[in-house]
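**Q** What follows is the residue order along each chain.
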Amino acid sequence: MEIENILDEILPKVSKPTRYVGNELNSVKKDKNGIKVHIALAFPDVYEVGMSHLGLRILYHLLNEREDVYAERVFAPWVDMEDILRQKKIPLFSLESKTPLSEFDMIGFSLQYEMSYSNVVNMLELSGVPIFSSERKDDDPVVIAGGPCAYNPEPLAEIIDLFVIGEAEESILELVDLYIDWKECSAKRSEFLERATQIPGIYVPSLYRVTYNEDGTVREILPRKEGVPERVKKRFIEDLDSVYYPTKLIVPYTDIVHDRAVLEIFRGCTRGCRFCQAGMIYRPVREKSAEKLADIAREMIDATGYEEISLASLSTSDYSDLKRLVEILTAEFKDRRVGLSLPSLRIDSFTLDLARRIMEIKKSGLTFAPEAGTQRLRDVINKGVTEEDLLNSVRGAFEAGWNSVKLYFMIGLPTETYEDLEGIVDLAHEVVDVYREVKGKSKGLRVTVSTSTFVPKPFTPFQWEAQITLEEINERQKFLKKKLKNPHIIYNWHDGRLSFLEAVFSRGDRRLNLVLKKAREKGCRFDGWSDMFAFSKWMEAFSEAGLDPGFYANRPRPEGEFFPWEVIDPGIDRHFLLRELKKAKMAQPTPDCRFDRCHGCGIIKIKGGIRCEVKNED
Amino acid sequence: MKLRMRIRKGREVKFISHLDMMRALERAMRRARLPLKFTEGFNPRPKMSFTPAMPVGITSDAEYVDVEFTKELALEEIYDSLNSTLPPGIALLKVGDAEGKLPLSSVNRALYTVVVGLGGASREALEEAIGKILSSTEIKMVKKSKGKEKEVNIASGIYGIKINTAENDRFTLKMELAAGQDASVTPFMVIDALREHVPSLNVLCVNKDELFVFDRGRKILPL
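These protein sequence lines are chains R and H, in that order.
Every letter in the first sequence is one number past the one before it in our numbering, and letter 129, counting from 1, is 129.
Every letter in the second sequence is one number past the one before it in our numbering, and letter 205, counting from 1, is 205.
Just so you know, these hints were derived from the structure itself, not from any lab.
Predicted model, so just to flag it, every value in this text is computed and none were measured.
Warning: the hint list may mix true and false statements.
[What the hints assert, rightly or not] To give an idea of the interface, some chain H residues facing chain R are shown, with a C-beta separation under 10 Å as derived from the structure:
(1) 13
(2) 19
(3) 23
(4) 27
(5) 31
(6) 33
(7) 38
(8) 52
(9) 178
(10) 181
(11) 202
(12) 203
(13) 218
(14) 220
(15) 223
Backbone N, C-alpha and C define an ideal beta-carbon position, used for all residues, glycine too.
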């Protein structure tokens with residue numbers, strides 16, 4: 001109650017006060033005295049971003065299904081709120097019961113993006129919880145983390161007590177059970193952490209020792225104790241039709257980034273784009289049935305009143321029953337004025353029929369991601385899309401009435417030359433030409449070209465590759481800025497310095513924990529927000545820690561180098577990744593194994609998932 | 001059918017914006033499967049119209065909305081089903097036929113309950129400040145809207161301020177203020193004006209009790 005009363009006084013002074021209030025429809029209120037485990041699900045970004053994240057919503061409702069668990073949410077306070085919290089010495093508190101974070105049993109961070117790491121540190125600091133795992137006492141909360149960035153846990157290994165690797169629906173409940181068991185007979189957190197290593201998919205970094213080579217590369221990461229697994233295998237859900245999926249979703253009051261009912265149609269992707277980490281680590285492909293999805297959608301709209309359903313997956317058009325699913329959903333919801341949006345459509349399989357069907361209800365923007373400007377480079381990255389595919393789909397979209405399209409590309413992909421950048425320019429202009437052919441004029445057309453800089457990611461064929469230097473990023477962006485001057489083309493680019501830091505942390509090692517601490521001391525937070533990003537402070541932090549960021553971002557790795565993230569086993573073979581890298585260098589595509597033969601990625605050894613096991617291996 | 005609803009905005013939702021409130025209502029109606037009528041055209045919107053926005057941080061018993069349905073329904077049925085789907089803090093207080101009533105755009109006054117702390121100042125000082133404000137013909141305030149600052153005279157929009165109850169340092173005031181499309185004075189502006197005379201004054205809570213049309217000496221409630 002205390003914090004609640006202070007809030008009345010401070011909330012009128014901050015921007016977007018709704019971020020800190022809670023009380024949304026379907027949010028969960030429980031009596032703190034009636035529970036055994038109190039968990040704060042912490043998202044290291046603002047409310048609007050965190051609430052748009054499906055994983056957080058799944059875990060929130062999943063945990064709260066249990067009577068003995070109370071899961072609450074907490075988001076990074078925006079800088080105006082942070083100032084007031086610090087000034088008035090108010091500890092960071094949870095959204096539901098306004099409980100200080102330090103009083104929780106566990107704080108679980110969702111790691112979606114490397115540039116949110118400074119917010120993780122800041123949120124711990126604001127909670128009064130020691131930043132480093134080694135400094136925490138028995139009565140401090142256990143700090144856990146999961147999400148895609150946890151596949152390389154090392155840059156946070158001294159800060160996070162325990163990582164949950166892979167899909168957490170099962171392992172988080174096992175962890176909660178263990179916590180209850182442990183709490184009944186022990187108070188020593190070291191015992192809890194040690195026992196946690198027995199749960200598959202749990203990585204406790206303090207129980208592993210890292211040794212380095214003279215050149216600064218990691219020699220090995222080995223367990224300090226017997227019984228602690230050498231490599232931590234990711235967890236995944238075998239059957240998506242029977243796994244828990246929340247339908248009574250929280251309905252935020254304030255406009256969040258993705259404010260709609262999210263229907264997860266499948267996990268995993270076998271397209272095999274060589275830059276894409278999600279396409280590797282989330283294998284195997286597992287689908288939910290169209291019937292099950294229709295049931296979920298119905299319950300979800302009844303419970304939320306949302307005006308839009310969005311299909312979520314890595315590549316919507318790869319869902320094997322997409323046409324029927326769209327038919328079922330449009331028939332069901334047309335009268336209730338619930339729109340349908342299909343993000344992540346691949347341009348090669350986008351059909352006009354589908355587009356028209358969706359249009360019947362509501363118009364949503366169209367985004368295409370050719371990723372690279374020439375066929376050669378698209379073959380290098382194994383993005384199986386041709387220029388003809390793209391132009392045909394764009395033509396279809398224009399004919400169906402759309403007049404604005406977005407095109408996503410990456411710059412700095414391995415082997416990229418200025419010819420490939422010219423290809424981006426040409427493609428954008430060809431889209432303008434297609435519009436002119438269809439409409440006879442170019443009035444009203446808007447083509448948005450966005451480029452991000454390629455960041456090599458762990459567990460991808462490009463994990464051995466260097467990122468291009470910052471100077472080179474700037475040069476290539478300058479080139480595109482100059483060439484994309486057309487009244488119908490808008491060019492957006494990502495800050496190269498941010499991509500550089502992202503590259504450092506995505507393939508970083510344990511020494512980066514110190515950099516994070518120093519950067520935080522200098523005031524870094526919300527780095528993903530351009531107006532908050534302080535690049536020079538980061539550079540100071542590196543130099544004080546005696547580390548060269550270029551070592552992580554711009555260094556090509558030899559084939560045999562041991563990588564810090566290889567303490568994790570995502571089920572994908574290193575040999576496969578290396579084979580893919582070599583094929584990339586020869587611009588040789590690898591077809592999707594769902595429609596071709598098995599390419600031996602290694603996931604076949606794991607039970608569950610679909611298709612590839614019936615085919616012959618490479 | 002065209003309906004008029006009187007809605008409560010409670011403590012739980014006092015910081016949500018006008019737009020958030022509209023969206024919350026629309027979603028509650030969809031959950032209740034009420035037959036909302038939509039606008040035609042490219043981006044169909046439900047046919048709903050609201051009384052003017054008020055600043056965040058105020059609770060209210062007098063938010064009104066007109067809404068059109070495609071089917072006739074019994075008022076009790078609408079009342080029950082919507083109240084069962086509205087989120088915590090929002091309630092439907094009354095629902096009736098909107099036909100033949102004054103348009104919501106014609107409301108021009110509101111009555112507020114404002115609880116203040118005197119911060120050590122005396123009752124006399126407060127009374128004197130109220131007297132000064134009621135007798136002034138010019139009270140200049142800087143109004144911020146869309147990042148621009150504008151000076152406005154709020155004196156003509158203050159129709160009454162009186163002390164209702166007092167308990168130690170805590171005073172409950174009733175304010176009758178302009179609240180229309182053309183002119184609008186918020187309780188926070190009046191508090192700012194009172195602070196010119198009693199600097200220690202602080203606001204504890206504000207509630208909008210009534211919203212009405214004041215026409216030739218008569219108060220007409222929207223519903």
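**Q** Checked against the structure, which of the hints given earlier come out wrong?
**A** 8, 9, 10, 13, 14 and 15
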